[in-house]
Structures are given as structure tokens and as C-alpha cells.
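J.: Sequence:
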Amino acid sequence: MGCDGRVSGLLRRNLQPTLTYWSVFFSFGLCIAFLGPTLLDLRCQTHSSLPQISWVFFSQQLCLLLGSALGGVFKRTLAQSLWALFTSSLAISLVFAVIPFCRDVKVLASVMALAGLAMGCIDTVANMQLVRMYQKDSAVFLQVLHFFVGFGALLSPLIADPFLSEANCLPANSTANTTSRGHLFHVSRVLGQHHVDAKPWSNQTFPGLTPKDGAGTRVSYAFWIMALINLPVPMAVLMLLSKERLLTCCPQRRPLLLSADELALETQPPEKEDASSLPPKFQSHLGHEDLFSCCQRKNLRGAPYSFFAIHITAALVLFMTDGLTGAYSAFVYSYAVEKPLSVGHKVAGYLPSLFWGFITLGRLLSIPISSRMKPATMVFINVVGVVVTFLVLLIFSYNVVFLFVGTASLGLFLSSTFPSMLAYTEDSLQYKGCATTVLVTGAGVGEMVLQMLVGSIFQAQGSYSFLVCGVIFGCLAFTFYILLLFFHRMHPGLPSVPTQDRSIGMENSECYQR
Numbered sequence: 001m002g003c004d005g006r007v008s009g010l011l012r013r014n015l016q017p018t019l020t021y022w023s024v025f026f027s028f029g030l031c032i033a034f035l036g037p038t039l040l041d042l043r044c045q046t047h048s049s050l051p052q053i054s055w056v057f058f059s060q061q062l063c064l065l066l067g068s069a070l071g072g073v074f075k076r077t078l079a080q081s082l083w084a085l086f087t088s089s090l091a092i093s094l095v096f097a098v099i100p101f102c103r104d105v106k107v108l109a110s111v112m113a114l115a116g117l118a119m120g121c122i123d124t125v126a127n128m129q130l131v132r133m134y135q136k137d138s139a140v141f142l143q144v145l146h147f148f149v150g151f152g153a154l155l156s157p158l159i160a161d162p163f164l165s166e167a168n169c170l171p172a173n174s175t176a177n178t179t180s181r182g183h184l185f186h187v188s189r190v191l192g193q194h195h196v197d198a199k200p201w202s203n204q205t206f207p208g209l210t211p212k213d214g215a216g217t218r219v220s221y222a223f224w225i226m227a228l229i230n231l232p233v234p235m236a237v238l239m240l241l242s243k244e245r246l247l248t249c250c251p252q253r254r255p256l257l258l259s260a261d262e263l264a265l266e267t268q269p270p271e272k273e274d275a276s277s278l279p280p281k282f283q284s285h286l287g288h289e290d291l292f293s294c295c296q297r298k299n300l301r302g303a304p305y306s307f308f309a310i311h312i313t314a315a316l317v318l319f320m321t322d323g324l325t326g327a328y329s330a331f332v333y334s335y336a337v338e339k340p341l342s343v344g345h346k347v348a349g350y351l352p353s354l355f356w357g358f359i360t361l362g363r364l365l366s367i368p369i370s371s372r373m374k375p376a377t378m379v380f381i382n383v384v385g386v387v388v389t390f391l392v393l394l395i396f397s398y399n400v401v402f403l404f405v406g407t408a409s410l411g412l413f414l415s416s417t418f419p420s421m422l423a424y425t426e427d428s429l430q431y432k433g434c435a436t437t438v439l440v441t442g443a444g445v446g447e448m449v450l451q452m453l454v455g456s457i458f459q460a461q462g463s464y465s466f467l468v469c470g471v472i473f474g475c476l477a478f479t480f481y482i483l484l485l486f487f488h489r490m491h492p493g494l495p496s497v498p499t500q501d502r503s504i505g506m507e508n509s510e511c512y513q514r
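Using the working numbering, the letters of the sequence shown correspond one by one to residues 1 to 514.
I should point out that these hints are in silico values taken from the structure, not numbers from a laboratory. Predicted, not measured: the structure shown is a model, and the values here were computed from it. Some hints could be false.
Claimed, not checked - FRET-style restraints, in silico, Cβ to Cβ:
| no. | residue 1 | residue 2 | range |
| --- | --- | --- | --- |
| 1 | GLN16 | ILE395 | 47 to 53 angstroms |
| 2 | GLN461 | SER110 | 34 to 40 angstroms |
| 3 | VAL400 | VAL107 | 45 to 51 angstroms |
| 4 | GLU166 | LEU453 | 26 to 32 angstroms |
| 5 | TYR221 | LYS106 | 20 to 26 angstroms |
| 6 | GLY344 | ASP427 | 36 to 42 angstroms |
| 7 | PRO340 | THR479 | 25 to 31 angstroms |
| 8 | VAL388 | LEU364 | 19 to 25 angstroms |
Every residue, glycine too, gets a C-beta built ideally from N, C-alpha and C.
Generate the whole structure from the sequences, applying the supplied hints.
T.: Put into C-alpha cells, the structure is as follows:
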């Protein structure tokens, strides 16, 4: 049976668990992109400033990292993995249902921390289970898995858009003396933070609404809709638990007879697994450990300085690029509705969807492109594209058309940066070291830190600083990438792969490309 026949046979045999793991990543995407377009309504609902609401992003990203580590605890058995996915996907629906009742920013941050834990657990467990099922054939299935992240992230802003508030949620008489600071966020102007005698949020009322009602009543429907849309996901995991006879009420039974194709797969002689033939992301599950275990390896003691420099500079590149992805998705809506653009709230609500839509499109396009272009070239094009796009947005900051075109361009350039950088770094180190662990950690910390930093600068310096931050972080990413190229050239290299293993890897690679 050929490579295509084997893959299709594996898919038929594992169709239900595969669809289930794809669906839980839809929940992941649904939860990762809704904060950006609903930011203004959530600020009004929680009576908070922009730096305060930025802690919500921080808590989500921090707990996402913790959840990824926690997910490793549940990967040992199928029962633990499925129960962890069921609990996490159900928790995401509960988070969506509870958000409208969060009237304090600290409560909202706590709720989003729970969502982050669930997302991190989903990220680790779903990836691990697909790799275990398909092993060296898992590349295509994992590409589809991460496509569902983009699909969920594309859908959630579209759901929220009809319910976004068009009017300011605060009284008009609080906007005095703000013309000299036209670039400040409109809610911060209303807050009256430009003078020390401004009344606290808790003592103000909303026009036409009582303090008890709040300002986020309409956007509440969006969260409840997303909670309902996500409910089939934990139900799908529960059905898989039932199918695998892992529910306590379901006794164990012998599996049904295999079909002819599946029997042929079972009776084939086992093929030698070669880690070098697997894509970098899958190798992390084979040879890479957690960050602390990785750093304690004895074989790192005699490594040259360039070995550590490659790890650090590559992580710093992803710190910037993944941080830009999170920050742009979170604050592009707030930037658009502020002067000088003053885009309508409904129209601005499409920007996060446009951004994630082109990230999803870029991930699909990068599959055939990556087979014809070296990872180092792809990273170079991506980083340069990010810098050029932010410069164009900065030059034409008064043009709404350029904002939409630039948002789509950023989505394309940022979409393949992480996998290309990971492939390049792993190849540079010949899959020996801690590249996957270090890069994933660096990217996660970047998303967490840059969102808070951009939110604080946005509040203090005005909307124009949003694009300035993008240019600065993009230039830093480019600088770190040039340093990475330099250290790669200085790296003495590692022993080459034996001829026999290399031939096996080439055969598996040809099978994957077909």
C-alpha cells in the first residue's frame, strides 16, 4: 500500500478521534481572538482603564503557558487526555457564559486565567494525541489542526461585531479639555484622566443605563452565542470517551473486527521510525523535554557559545513576532476607532477577523511554499514584510484603506514565521538541543509581555504610538534575525547524520511531500 493509501487508511480508522481533536482546537481559536473587538465594551462593563484591562490579556497568556505545562501531566493515558480535553472545552463554554457577569476587571482577569489554563491544556494534549496516532504521517493532520485555530479566531470577531456598542458608554460632560490630546483613546478621554480631579469609574453613571445594568448588555449576547456554538465540542469529546469505553458507566469490551484496509495496515511489517524524517514540531515530542529538564542536560556543558546564541536569538525573534501577533489582534480595533481614523465600531470590528483570516490563509499557502523555499528565506521575507507593512501603516496613518490592506498583509507575513523559524533553528542545530522548547517558551512570553506593554504605551502616548511600537518591535525582530544568521555561520556544527539514517529520512520525506 502506498503512502497516500496508508494515510487515508489511517484517517478512516481514526476518523472520530481526529475530528474531535480538530474540534477542540476550534474552541482554542474561538477563545483567543474575541478580546480585541470587545475591548471597549468590556472596559465599559468593568469600569477600567486600558492598562487595567491589559492585565486580562496578561492573565490569559500567563495561564496559557501554565496550562501547556499542566497538559503534559494528562498525556500519559488516553483516558486522562480525553477527560482533560472534555474539562477544558467545557470550561471555555462556561467562561463565555460568565464573562457578561464580570463587573470588575479583577474578576474578568480571573475568568480569563481559567480560559488560559483550558487553552494551554488543549494545545498540549491535542497535539500529542495526533502525533501518537499518526506519528511520521501526522504533518498534514497537524496543519489542519492549526487551521481550525485560525477558523475559530476568524469566527469569534464576526459573532461579536453585530453586538458591539456604537456610542460612548460614559457621559459626554467628562470629555472636556481633551482636544489637545486627540490621539488618546476615546474612553480614556471620557474618564477624565487628564486631570487629577476626575471622578472614579464607580461613581459615574451611563446615559440611559443604571449602574447596575452596565454598558456591556448587548455584547453579552455575543458571548452567550459563542458559549452555545462551543457546546458541541465537549459533547464530541464525551462521545469519543464513550466510544473508547472510558466512561465509568460503560464496561470494557473487545474491539470490533477490522476492515480489510485496516487489517492490511495492521499486518504490514513495522517501519523503522526515524526522528530526522519528522517535521520539527513533532520531534519535540520525541527527543525534547520540558524547559527545566532540557537545560539540565549534561551534554550541553561542552557546547560552543554559538549553540546557546542560536537558541537565544531565535527565541527573541519569536518573542517579537508572536508578541506582535497578540498585540495587533488585541488593539487594532481600539486603534481604528480612535483619531485620526475614527472608524465606526461596526466596521472596525471586522479588522481582527481580517487579520486572523489572512493568518489562516497564510498557513494554508505556506504548505506548498515551504517545499520550494528554505525556512531561512521564508523567515527573512516574513520579518522584512512585517517591518515594511508597519512603516506603510505609519506613513499613511490617516488612510482607512491602508489600515485594512496592512492588516491583511501583516496576517500573511506573521502566519508562517513561527513554523519557519522553528524549522530553520532545528535544522541549524541538527535537531540536537532544546530549540522547540525554548522557542515555544519565548513566543508565549512575547505574547504575554508585549500585549501589556503596548496597552500601557497606547494609554499613555495615544493611538499613534500603536504603530510606532509595531515598527520598533519589527525592527528588533529583524535585528535579532540578522544576529541569528551570524551565529549560525559561526556555529561549528554537529556530527552529520549517518548515511543509512539519512536515506531513511529521505524516503519518508518523499512520502510526506507526495
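J.: Can you tell me whether the CB distance of GLN16 to ILE395 sits inside 47 to 53 angstroms?
T.: holds (52 angstroms)
J.: Between the beta carbons of GLY344 and ASP427, is the distance compatible with 36 to 42 angstroms?
T.: Given about 47 angstroms between the Cβ atoms, the range is violated.
J.: Could one say that the CB atoms of VAL400 and VAL107 fall in the range 45 to 51 angstroms?
T.: Violated - the Cβ-Cβ distance for VAL400 and VAL107, about 35 angstroms, lies outside 45 to 51 angstroms.
J.: Verify the CB-CB distance for VAL388 and LEU364 against the hinted window 19 to 25 angstroms.
T.: This hint holds: roughly 23 angstroms between Cβ atoms.
J.: Lying within 26 to 32 angstroms: is that true of the beta-carbon distance GLU166 to LEU453?
T.: holds (29 angstroms)
J.: Should the hint that TYR221 and LYS106 are 20 to 26 angstroms apart at their CB atoms be regarded as holding?
T.: Given a distance of about 24 angstroms, which is inside 20 to 26 angstroms, the answer is holds.
J.: Given the hint of 34 to 40 angstroms, is the C-beta distance from GLN461 to SER110 inside that range or not?
T.: Hint violated: Cβ distance 29 angstroms, outside 34 to 40 angstroms.
J.: So does PRO340 sit 25 to 31 angstroms from THR479, Cβ to Cβ?
T.: With a Cβ separation near 30 angstroms, PRO340 and THR479 satisfy 25 to 31 angstroms, so the hint holds.
This entry does not satisfy hints 2, 3 and 6, going by the numbered hints stated previously.
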